[in-house]
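Starting from the structure of chain A, add chain B with the ligands where the hints point.
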Amino acid sequence: MAMTATAGHAHADPHHIGVVIEHPGPASKRIVTAYGFWVFLLSDIVMFSCFFAAYAVLSGQTAGGPRGSEIFEQRNVAIETVCLLLSSFTCGMASIAADVRNRFWFYLGMTVTCLLGVIFLVIEFREFADLVARGYGPSRSAFLTAFFSLVGCHGLHVSAGVLWLLTMMAQVFAKGFRADILRRMMCFALFWHALDIIWVAVFSVVYLLGSGA
Amino acid sequence: MLGKLDWSAIPFDQPIPLIAGAVVLVAILGVLIWVVVKGHLPYLWHEWITSVDHKRIGVMYILLASVMLLRGGSDAIMMRIQQAVAYQSQGYLPPEHYNQIFSAHGTIMIFFVAMPFVIGLMNLVVPLQLGVRDVAFPTLNSVGFWLTATGALLVNLSLVIGEFARTGWLAFPPLSELSYSPGVGVDYYAWSLQISGVGTLVAGINLVTTVLKLRTRGMNYLRMPMFCWTTLASNLLIVAAFPILTATLAMLLLDRYLGFHFFTNEAGGNVMMFMNLIWAWGHPEVYILVLPAFGIFSEVVSTFSGKALFGYRSMVLATMAICVISFMVWLHHFFTMGAGPDVNAIFGIASMIIAVPTGVKIYNWLFTMYGGRIRFATPMLWAVGFMVTFIVGGLTGVLLAVPPADFMLHNSMFLVAHFHNVIIGGVLFGAFAGFEYWFPKAFGFRLDERWGKAAFWFTFLGFFITFIPLYVAGMLGMTRRMQHYDVAAWRPWMIVAAIGMAVLTIGVICQIMQLVVSIRNREALRDRTGDPWDGRSLEWATASPPPVFNFAFNPDVRGEDAYWDMKIHARQQSLGHDVPEYQDIEMPRNSPTGFVCAFFATIMGFALIWHIWWMVILGGIGAFATFVVFAWRDHDEYVIPADEVAAIDRVNLEERRSLVSMAGTI
Ligand code: HEM
Ligand SMILES: [Cu+2]
Numbered sequence: 001m002a003m004t005a006t007a008g009h010a011h012a013d014p015h016h017i018g019v020v021i022e023h024p025g026p027a028s029k030r031i032v033t034a035y036g037f038w039v040f041l042l043s044d045i046v047m048f049s050c051f052f053a054a055y056a057v058l059s060g061q062t063a064g065g066p067r068g069s070e071i072f073e074q075r076n077v078a079i080e081t082v083c084l085l086l087s088s089f090t091c092g093m094a095s096i097a098a099d100v101r102n103r104f105w106f107y108l109g110m111t112v113t114c115l116l117g118v119i120f121l122v123i124e125f126r127e128f129a130d131l132v133a134r135g136y137g138p139s140r141s142a143f144l145t146a147f148f149s150l151v152g153c154h155g156l157h158v159s160a161g162v163l164w165l166l167t168m169m170a171q172v173f174a175k176g177f178r179a180d181i182l183r184r185m186m187c188f189a190l191f192w193h194a195l196d197i198i199w200v201a202v203f204s205v206v207y208l209l210g211s212g213a
Numbered sequence: 001m002l003g004k005l006d007w008s009a010i011p012f013d014q015p016i017p018l019i020a021g022a023v024v025l026v027a028i029l030g031v032l033i034w035v036v037v038k039g040h041l042p043y044l045w046h047e048w049i050t051s052v053d054h055k056r057i058g059v060m061y062i063l064l065a066s067v068m069l070l071r072g073g074s075d076a077i078m079m080r081i082q083q084a085v086a087y088q089s090q091g092y093l094p095p096e097h098y099n100q101i102f103s104a105h106g107t108i109m110i111f112f113v114a115m116p117f118v119i120g121l122m123n124l125v126v127p128l129q130l131g132v133r134d135v136a137f138p139t140l141n142s143v144g145f146w147l148t149a150t151g152a153l154l155v156n157l158s159l160v161i162g163e164f165a166r167t168g169w170l171a172f173p174p175l176s177e178l179s180y181s182p183g184v185g186v187d188y189y190a191w192s193l194q195i196s197g198v199g200t201l202v203a204g205i206n207l208v209t210t211v212l213k214l215r216t217r218g219m220n221y222l223r224m225p226m227f228c229w230t231t232l233a234s235n236l237l238i239v240a241a242f243p244i245l246t247a248t249l250a251m252l253l254l255d256r257y258l259g260f261h262f263f264t265n266e267a268g269g270n271v272m273m274f275m276n277l278i279w280a281w282g283h284p285e286v287y288i289l290v291l292p293a294f295g296i297f298s299e300v301v302s303t304f305s306g307k308a309l310f311g312y313r314s315m316v317l318a319t320m321a322i323c324v325i326s327f328m329v330w331l332h333h334f335f336t337m338g339a340g341p342d343v344n345a346i347f348g349i350a351s352m353i354i355a356v357p358t359g360v361k362i363y364n365w366l367f368t369m370y371g372g373r374i375r376f377a378t379p380m381l382w383a384v385g386f387m388v389t390f391i392v393g394g395l396t397g398v399l400l401a402v403p404p405a406d407f408m409l410h411n412s413m414f415l416v417a418h419f420h421n422v423i424i425g426g427v428l429f430g431a432f433a434g435f436e437y438w439f440p441k442a443f444g445f446r447l448d449e450r451w452g453k454a455a456f457w458f459t460f461l462g463f464f465i466t467f468i469p470l471y472v473a474g475m476l477g478m479t480r481r482m483q484h485y486d487v488a489a490w491r492p493w494m495i496v497a498a499i500g501m502a503v504l505t506i507g508v509i510c511q512i513m514q515l516v517v518s519i520r521n522r523e524a525l526r527d528r529t530g531d532p533w534d535g536r537s538l539e540w541a542t543a544s545p546p547p548v549f550n551f552a553f554n555p556d557v558r559g560e561d562a563y564w565d566m567k568i569h570a571r572q573q574s575l576g577h578d579v580p581e582y583q584d585i586e587m588p589r590n591s592p593t594g595f596v597c598a599f600f601a602t603i604m605g606f607a608l609i610w611h612i613w614w615m616v617i618l619g620g621i622g623a624f625a626t627f628v629v630f631a632w633r634d635h636d637e638y639v640i641p642a643d644e645v646a647a648i649d650r651v652n653l654e655e656r657r658s659l660v661s662m663a664g665t666i
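Those protein sequence lines, which keep their order, are chains A and B. When we follow the UniProt record's numbering, the leftmost residue of the first sequence carries the number 1, and every step to the right adds one. When we follow the UniProt record's numbering, the leftmost residue of the second sequence carries the number 1, and every step to the right adds one.
Think of the hints as simulated: they come from the structure by calculation, not from any bench. Just so you know, not all the hints are guaranteed correct.
The calculated label-pair distances, taken between Cβ atoms and stated as ranges, are [unchecked claim]:
id, chain 1, residue 1, chain 2, residue 2, range
1, B, Leu-70, A, Asp-180, 35 to 43 Å
2, B, Gly-340, A, Ile-45, 28 to 36 Å
3, B, Trp-45, A, Ile-45, 37 to 45 Å
4, B, Ala-27, A, Thr-111, 51 to 59 Å
5, A, Val-118, B, Ala-646, 54 to 62 Å
6, A, Leu-115, B, Met-320, 44 to 52 Å
7, A, Asn-76, B, Ala-20, 54 to 62 Å
8, B, Ala-20, A, Ile-45, 38 to 46 Å
9, A, Leu-209, B, Ala-355, 39 to 47 Å
10, B, Trp-613, A, Ala-179, 52 to 60 Å
Treat the numbers as computed from the prediction; the structure is a model and nothing was measured. For every residue, glycine included, the Cβ atom is placed at its ideal position computed from N, Cα and C.
Same shape as in the complex, but just chain A (with noise of 0.2 Å):
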């Protein structure tokens, strides 16, 4: 539809009654840093859907082996789940610390997420660990296979973000609250907050309504 607009708003698009807003232009690198870390965050959902799924298909396949219920300790997953709340609670601290550019509230926010998270990671070691030494360890049904891959699959994200963490705190310590800094320390926030949103979920599907049982 070749068409000369005239200036202004115009009716640069015939189909529209009306006014039509025009698009300003290319956003902010702010803007599409943390959006496209969003959509990689979704896909990261996606991901840990399947192996949802697959927990929900395996869920039942004991082969012999012990159920959920016989191996759960609540109160073991309540201390994780405790620290890991806790821990998305300090990161925002520490957000906003960087925002205000205040170094010393921001370490700390930092150094207590990084302890909460270690102390989550050590909990679900000895877990795994203790299965383990039991003879229940991922090979021995298609349920503790499940269970092991779905639960080490976020225990790995943890790793990852701990170690994410650690470099964004050398960097902040090495260059101070740059530009490009505080956009790396939102995508960071965001990948934890995230991590906090499938643990929610880890702890329904698997532990509540695997000691339920």
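Chain B with the ligands only, in chain A's frame:
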């Protein structure tokens, strides 16, 4: 020390792969030596390997796809010859070798030909069509490309070191489990797809963000060229579907490496889960491939008909409808595996529904041509050839989507003919059309038309001579993937198909000749206008090849067919008054991150395949270190000063003026 790797991995007793491998090795070494001796290495390194320019990365993707097309094509030739001669005999290929060939062929053609080709074209063109300077994440873009190249490299390594999967291109368990495939073939398959899959995901995220967040002023959604829309749809599918592939392959690998039980026959594993997961990725995948091709045809048809695309909005709607529905039909790939009549009926109907938006598109192209002033340049030939071919493929697809019919035709040669019909006639024709259409944009000279047309006709005829017989053979009951057979009725059809393959090969040779001839005559074929086809979208508004920054200043879009409008507008106002005020432009700096990353990924992938654990750790540390080093950079941009921009742009503006005064009749 070297895990499972020892001298027995090299197939000294099998002449074919060894000779092929040796030839390739010599060729690569030859090219390398030539590059070094001629002193091209610094140029290659600075201008291409470390480039983060979306146009260069696009070109490299397409180059990779073309090279792999030759590899996948030789596999195809070998298979056609085998089936032509293997009547009541073993043929010339041992069974285990034949099985590797068809597995490698499918894997290579989908992952390392079709995917890089369309992603390459999208990379090359979309930012130009959107009127912006770059994609959203330039360095990541380079990482994505090099990871794809890593996957391709690993697949080719399997030719000489070890073996490839014998499981077919989707590695169905339990055949792909350790107990039935104890060798490294499936590991090669899984790791190369895993690594290149990450690359694809990165490209997908990048392009989705680019289309949604980086558009020039006035480029509203309903003014984007069709190719941008299909790019958006295709990359949304990538973002949603590729993680499924990643998860599925991860599960298979866990089964193989650590004795897990996702898909095994023992301990409660569930093979059907693999079917559901792999096809939940696999069906969207075919639309990931074909949607961009639809976009290319839309651009080509409207340009060469000299008309705006008919039914633009219905086209957008059809594209997005396909994007959504393609996620709801995966089960039609295993109607025969006992899901029950109700489920089959639902998925059968859902599958047929996809044919509706596809039909809408075909009619829109036809109406665009209707009453237009059609020029049959090579890209247009591919587009028209596509319409004919794809209709046949779509119809046979709808036939297969009828569950009772599928019970007869599933896993037969008919199926093979169907998907080649849609993938060659759809995706590959689209890729070739895009290649011919945008080549002058990328390199500043046209391709030779005579060789191009010859290539089209040989490919087109060769395609039908090859695949119509396969439909017939399928109807006669021939199943797919046969190493040899005893049914006399199939034989003639196999021989015709092999002849067709020869004709197809001539088509490919013509295309290579076209490239050689055009490069040699490039001065005569040079296009200084930047707009050789009298195009309609913004990529034609800049010089060919475009400067690094694409546009000296961001274009202002006032309607659909942005550049066409500008031309007419400029002509009516007897043009060219205002000299724009140039400004400094910031561009991302080149970076070896992608290449280095892929280097470590290759090491890691190879080590994982052969269980060389220390090397795995080394590769992992290397990859992490690369990221940290990249994150530590202080200057990731450089500035092109305004006068330099002005100097570069002045040439383009001159050409533009002369061009506009000549063209622009509707
Ligand atoms: C009109 C739309 C289409 C319909 C209704 C359709 C239907 C089907 C059905 C029912 C099957 C499974 C047959 C069987 O396994 O027995 C199938 C297989 C296949 N289709 Fe299509 N199809 C359509 C378009 C496409 C397109 C556009 C592509 C690719 C760009 C494509 C690629 C494939 C491939 C690769 C397979 C075979 C996979 C394998 O088993 O290895 N199809 N199609
Ligand atoms: Cu399908």
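Results of checking the hints against the structure:
Distance hint check for Leu-70 of chain B and Asp-180 of chain A: the Cβ-Cβ separation is about 42 Å, which falls inside the suggested range of 35 to 43 Å. Remark: the range hint 28 to 36 Å for Gly-340 of chain B to Ile-45 of chain A is upheld by a beta-carbon distance near 31 Å. Under the hint 37 to 45 Å, the C-beta atoms of Trp-45 of chain B and Ile-45 of chain A, about 38 Å apart, fit the expected range. Checked against the hint of 51 to 59 Å, the pair Ala-27 of chain B and Thr-111 of chain A passes, with Cβ atoms roughly 55 Å apart.
About 56 Å separates the C-beta atoms of Val-118 of chain A and Ala-646 of chain B, a value consistent with the hinted range of 54 to 62 Å. Taken as a hint, the range 44 to 52 Å holds for the pair Leu-115 of chain A and Met-320 of chain B, whose Cβ atoms sit roughly 46 Å apart. Range check, Asn-76 of chain A to Ala-20 of chain B: Cβ separation about 56 Å, and the 54 to 62 Å hint holds. About 43 Å separates the C-beta atoms of Ala-20 of chain B and Ile-45 of chain A, a value consistent with the hinted range of 38 to 46 Å.
A hinted range of 39 to 47 Å for the beta carbons of Leu-209 of chain A and Ala-355 of chain B is consistent with their spacing of about 41 Å. The hinted range of 52 to 60 Å is not satisfied by Trp-613 of chain B and Ala-179 of chain A, whose Cβ atoms lie roughly 41 Å apart.
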